[in-house]
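Engineer: Start from chain A and add chain Z according to the hints.
From first to last, the protein sequence lines stand for chains A and Z.
For the first sequence, position 52 (counting from the first letter as 1) is numbered 52 according to our numbering, and the numbering increases by one without interruption.
Each position in the second sequence, counted from 1, maps to that position plus 1000 in our numbering.
Derived by calculation from the structure, the hints in this document are not laboratory data.
Just a sample of chain A residues kept apart from chain Z, beta carbon distances all over 10 Å, derived:
no.: 1; residue: G28
no.: 2; residue: V34
no.: 3; residue: Y43
Simulated restraints, written as ranges between beta carbons of each label pair:
no.: 4; chain 1: A; residue 1: E37; chain 2: Z; residue 2: L1164; range: 14 to 22 Å
no.: 5; chain 1: Z; residue 1: E1078; chain 2: A; residue 2: N27; range: 49 to 57 Å
no.: 6; chain 1: A; residue 1: S9; chain 2: Z; residue 2: L1164; range: 18 to 26 Å
no.: 7; chain 1: Z; residue 1: A1216; chain 2: A; residue 2: H52; range: 52 to 60 Å
Built from N, CA and C at the ideal position, the CB exists for glycine as well.
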Amino acid sequence: MIIPIRCISCGKPVAQLWEQYKERTKNGEDPQKVLDELGLKRYCCRSLFVGHIVMNF
Amino acid sequence: MEISILDKKDNELIFMIKGINNAIANTIRRTIISDVPTLAVDEINFVKNQGPLYDEILAHRIGLIPIKTDLKAYSLKEEATTKAITELKLTLKVKGPKTVYSGDFKSKDEKCIPVYNNIPLVTLLKDKELVLEATAVLGKGKDHMKFSPGLCYYVNAPVKFKDLNDLKSEDSEISKENFVFFIESWGQLTPKQMFDESMDILDKNLAEFSKKIEKAK
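Chain A extracted, bound-state conformation:
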């Protein structure tokens, strides 16, 4: 799947942060810290990122 554009629960646009998150966690940064810095403070938005699985077309 491709990352949803908005948070499923609160409606905040999140897709613009995804590639940054993917890049930074791949480089070994702590996901919790990255999520905090990206400004995702509610657990609905955070769960979206943590539980997301990338599928390549």
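Structural biologist: Here is chain Z on its own, set in the frame of chain A:
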């Protein structure tokens, strides 16, 4: 009524309103979420879609993109006079291999463009094309949440309120007439615009309400 600003960021506004009740606080919240209009794509004409996503799914994704809104230039379709502008055309023409981003849209209006340029929409393989024309209109959150300008919530403030950290302690006495409001914007409008606009709409609705009551007598 007394309003004081507690914290202000680019897309977030926290303020305290003293001397109102729950009903008024909730009216403000609901007006902001479901009655303040913003621009969002509502209709799409697909000329060519050779990507992996179906038209409907891609259209849904495009609809959710927040677009910077100029409320003075555009008007709601149902309230529009003959001369008023109600639509904004956006075009997209890309060829793969490439990930299509919201920034690839070309808008007819320089002021009204997608808020974020790097929202991934779909990935195209080599030589696959995507050509479409999208029409954005003003709409309200009660019709579809894509039109909602942001999030608004409130909490009852403690009686002895000093700063925002006081909200975290649970054992303090809660005031029934002081409220701390949080307005969070999704980018189409600033939080201040959202609040101002909601007050105008509330005024209009109340005027209509009292007119109807007058008639009923």
